[in-house]
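Place chain B on chain A using the hints.
Order-wise, the sequence lines are chains A and B.
Per my numbering, the first sequence runs over residues 1 to 250.
Per my numbering, the second sequence runs over residues 251 to 500.
Hints listed in this document are in silico derivations from the structure and should not be mistaken for laboratory results.
All of these numbers come straight from a predicted model, not from anything done at the bench.
Some clues are possibly wrong.
What the hints assert, rightly or not - Here are the simulated DMTMM-like cross-link-like pairs (lysine to aspartate or glutamate), alpha carbons at most 20 Å apart as the crow flies:
no., chain 1, residue 1, chain 2, residue 2
1, B, K499, A, D184
2, B, K499, A, E247
3, B, K420, B, E497
4, B, K330, A, E204
5, A, K193, B, E497
6, A, K71, A, E50
2 protein chains.
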Amino acid sequence: MISKARIKFISSLQQRKYRQLHGLFVAEGTTNVLDFIKSGIETEELLATEEWMERHRQEVGKVPVTEVSMKELKKISSLKNPSEVLAVFVQAEQTTHDLQQINDLILMLDDLRDPGNMGTIIRTADWFGIRTIICSGESVDKYNPKVVQASMGSLSRVQVTYDDLFELLKTKPDYLRVFGAVLDGKNLTEIPKPNKGIILIGSEAHGISKKLLPLIDHKITIPGLPAGATSAESLNASIATAIICYEFKR
Amino acid sequence: MISKARIKFISSLQQRKYRQLHGLFVAEGTTNVLDFIKSGIETEELLATEEWMERHRQEVGKVPVTEVSMKELKKISSLKNPSEVLAVFVQAEQTTHDLQQINDLILMLDDLRDPGNMGTIIRTADWFGIRTIICSGESVDKYNPKVVQASMGSLSRVQVTYDDLFELLKTKPDYLRVFGAVLDGKNLTEIPKPNKGIILIGSEAHGISKKLLPLIDHKITIPGLPAGATSAESLNASIATAIICYEFKR
Chain A
1 MISKARIKFI
11 SSLQQRKYRQ
21 LHGLFVAEGT
31 TNVLDFIKSG
41 IETEELLATE
51 EWMERHRQEV
61 GKVPVTEVSM
71 KELKKISSLK
81 NPSEVLAVFV
91 QAEQTTHDLQ
101 QINDLILMLD
111 DLRDPGNMGT
121 IIRTADWFGI
131 RTIICSGESV
141 DKYNPKVVQA
151 SMGSLSRVQV
161 TYDDLFELLK
171 TKPDYLRVFG
181 AVLDGKNLTE
191 IPKPNKGIIL
201 IGSEAHGISK
211 KLLPLIDHKI
221 TIPGLPAGAT
231 SAESLNASIA
241 TAIICYEFKR
Chain B
251 MISKARIKFI
261 SSLQQRKYRQ
271 LHGLFVAEGT
281 TNVLDFIKSG
291 IETEELLATE
301 EWMERHRQEV
311 GKVPVTEVSM
321 KELKKISSLK
331 NPSEVLAVFV
341 QAEQTTHDLQ
351 QINDLILMLD
361 DLRDPGNMGT
371 IIRTADWFGI
381 RTIICSGESV
391 DKYNPKVVQA
401 SMGSLSRVQV
411 TYDDLFELLK
421 TKPDYLRVFG
431 AVLDGKNLTE
441 IPKPNKGIIL
451 IGSEAHGISK
461 KLLPLIDHKI
471 TIPGLPAGAT
481 SAESLNASIA
491 TAIICYEFKR
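Isolated chain A, as found in the complex (with noise of 0.2 Å):
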């Protein structure tokens, strides 16, 4: 059972001004929420049904349970259709990056504001090995529930912090090199792709700011058709990322 007020409490925790107030965040579905519980974040709560509970007792260990119904999920859930386990999270601090410190490619998104494509992104670095994901602030919050769904776990994984990209930019070590995905720039496959370096992403309407663009040391496109050929006129901002990851990794 949990109280009229507490649901009201969760359910509220799907804005942004209150995850801030309060300096929590809602994780939903299996994955999600034993990921997390794996990565010895603090857990305020976990609500589950009995049966998933059965199953996980283990996996869960000492945090703190309360036991509802599929019904009272629903009330509380962001989700279409609800998992049977929903959990309370206590946000991770702001940190910020010394650049100097980076050993290893990197990603910076600049005003991506697409909650699935933050968390596909998420996920897509998960998967490449990829561990830090730089934003502007005028990004989406990671905390976004969509965010926290399409990252899979993945957020557990991959430490997503946000900064002012171009002070930040100022004081990069020269051996750091910035890629820019762009619409006009050299063939992907013909660039130099270094194990160590930024891949920097614009936003989905508007690409990279006007401000960032004098930063950038190798312009990227995508091949797709030759130029004159009718097609799309750009690709998804979270595919533009795992294919420049991809190609940097393979």
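Same frame as chain A, now just chain B:
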């Protein structure tokens, strides 16, 4: 001005049963609407603001237009932030493919359920010049508003049809090989990539169905972290499709 009955009628097309009953579908946004008009599809009605019509009169040509206000568009739209234009188009007749005639790379989607994934796959196929997508009957309807939206106009250029994939694949000529995306296949970089063939993608939740697995000639997997490393269990279906298309077309 538009009547209440007409608003209700157009809104009803957000549901599959009414789209099928009337043989119509809705597209929203400038790119989507103009790409469909350019493709020569029959337009039942175009609804746009006066300002939009002034900017696009030439491209619209002889299509029947109703001028509406943003307030009216908000009532009809399936989007949170409606565009200034929405159009009702006549669905293309369902065709079937003779695999003996296929002389190119095509996609087959086995029970792909997520409309965002479907739309993104159509957009990606268009980018890479893939003109044919054959979906199992259980896959999401290509005229679902979220599919049309995510396809960003590409649905007007890529032929998407529905068929029984098992029966169809039995009629396949030997020179067309089936490349199936699985989690335990050969490294994508190491398999042959002919310029004709079938790329088979499974559903988001269950992958390629058991019935189709024996029909795969080359099981392929996108290389990620080494086995044993903790990372994402899989890639999103539209991401996997895009990386495979890129690798075949690069």
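task = Verify the proposed pairing of K193 of chain A with E497 of chain B, using a straight-line Cα cut of 20 Å.
result = It holds: about 16 Å lies between the C-alpha atoms, which stays within 20 Å.
Given pair status - E497 of chain B, K420 of chain B, alpha carbons within 20 Å = Not satisfied, since the Cα-Cα distance of roughly 26 Å exceeds 20 Å.
request  = With a cut-off of 20 Å on the C-alpha distance, tell me whether K71 of chain A and E50 of chain A pass.
outcome  = At roughly 13 Å apart (the allowed maximum being 20 Å), E50 of chain A and K71 of chain A satisfy the hint.
query = Are the Cα atoms of K499 of chain B and D184 of chain A separated by 20 Å or less?
reply = Holds, at roughly 19 Å.
Proposed proximity, E247 of chain A with K499 of chain B (alpha carbon, max 20 Å) = This hinted pair holds, its Cα atoms lying about 13 Å apart.
inquiry  = Would the hint linking K330 of chain B and E204 of chain A be met if the CA-CA limit is 20 Å?
reply    = Holds. K330 of chain B to E204 of chain A sits at ~16 Å (cutoff 20 Å).
Checked against the numbered hints given earlier, the structure breaks only hint 3 and satisfies all the rest.
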